[in-house]
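Trainee: Here are the chains, one letter per residue:
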Amino acid sequence: MFRIPEDNDLLEYINKFALENNINMAWVNVIGALRDIELGYYDVSTGKYVVNKFDGFYELIAGVGNVSLKENKPFTHLHVVIGDREGKAYAGHLVKAKVYVAELLIIEILGEPKLIREHVARNLWLWKPVK
Amino acid sequence: MFRIPEDNDLLEYINKFALENNINMAWVNVIGALRDIELGYYDVSTGKYVVNKFDGFYELIAGVGNVSLKENKPFTHLHVVIGDREGKAYAGHLVKAKVYVAELLIIEILGEPKLIREHVARNLWLWKPVK
Amino acid sequence: MFRIPEDNDLLEYINKFALENNINMAWVNVIGALRDIELGYYDVSTGKYVVNKFDGFYELIAGVGNVSLKENKPFTHLHVVIGDREGKAYAGHLVKAKVYVAELLIIEILGEPKLIREHVARNLWLWKPVK
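First to last, the protein sequences are chains A, B and C.
Per this note's numbering, residue 654 is the first one in the first sequence, and the count goes up by one each step.
Per this note's numbering, residue 654 is the first one in the second sequence, and the count goes up by one each step.
Per this note's numbering, residue 654 is the first one in the third sequence, and the count goes up by one each step.
Chain A extracted, bound-state conformation (with noise of 0.2 Å):
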């Protein structure tokens, strides 16, 4: 648990983290605030993500989602909710987003075998599901 410094991009860092300290799985939580967020919607009619773009500050109210392998290296897969100044919520698959605060757990997994993202099909790279 700690505090991931302001400017960061959000992704990049946790993929950093993960690199630098030998970490193949990982399951994250963060809170804390973000600033020009970029939030992803999968269609699965064109297999393309639609991008949605939040300029200036918001709340980051639950980033949810995990770290495994994406060829050889580690990559971060994490789902936002943001709050604007009235309290409204949006949500998406994070894209990308600057760090205002970040308050970040990692609970890392170990154990075999590792869970390796593959590209299945248009765009969704995915773990093997359980039988």
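Rather than coming from a laboratory, the hints here were simulated on the basis of the structure.
A quick note: this is a predicted structure, and the numbers were derived from the prediction, not measured.
Treat the hints with care, since some could be wrong.
[To be verified] The calculated label-pair distances, taken between Cβ atoms and stated as ranges, are:
id, chain 1, residue 1, chain 2, residue 2, range
1, C, Lys781, B, Glu739, 31 to 39 Å
2, B, Asp708, C, Asp696, 36 to 44 Å
3, C, Pro782, B, Asp708, 23 to 31 Å
4, A, Thr699, B, Pro766, 30 to 38 Å
Beta carbons are placed, not taken as given, at the ideal position from N, Cα and C, and that holds for glycine.
Using the hints provided, position chains B and C relative to the given structure of chain A.
Mentor: Frame of chain A; chains B and C shown alone:
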């Protein structure tokens, strides 16, 4: 931490997983995408759940909840935030939903006494509160 | 993992629980239902929190946050998503709310150094960031 196969009912899957693995208490986080979702809001004045339906596909931004015993079987209580194509957020007590993608963290909690859901009143099944 | 008794202030309850159990660092997840809620949004331009009030009952969809030390006592920092009767989501920094139902997971984090909130500037009490 694992991926739940597509097309399962999310709650039924977690209930079955807990039963087969003899998990009586657990905390759950889940992200991914869901379809054909029903979210409940408990109306204190009537003692009934109002159910809102969300057809089609939504990002599953944050599923947060737990597993405990209800009528001698593991029972999943999950609240979810979902996001639409414009990044708007909806939220409620999960009644049912089909999995498109679901990446689940389940933290088993051992020890006694086990938490048991009992019918307190008017559709509320709750654990005994701490003193 | 346990249920917080009805009618407590959610933040005061967790603070008291941490103090009585000598918990100085922890991560928190909580779901349930709240009433008479005040959610904050930190306005970077003024350095003050804007507070939005939500009277009546809301589902507590995801409370995500942590406990650390502030002025030598355990202090709970919690962000919440709440849901209304139509399934709409609102979100913010929890200022206060009364518990209707609250199912809490608290994960104590041991070790040194302890995280301490210090007054950085303009109503922001933050941990030192990692380097």
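Trainee: I'd like to know which numbered hints this structure contradicts. Please list them from smallest to largest.
Mentor: 3 and 4
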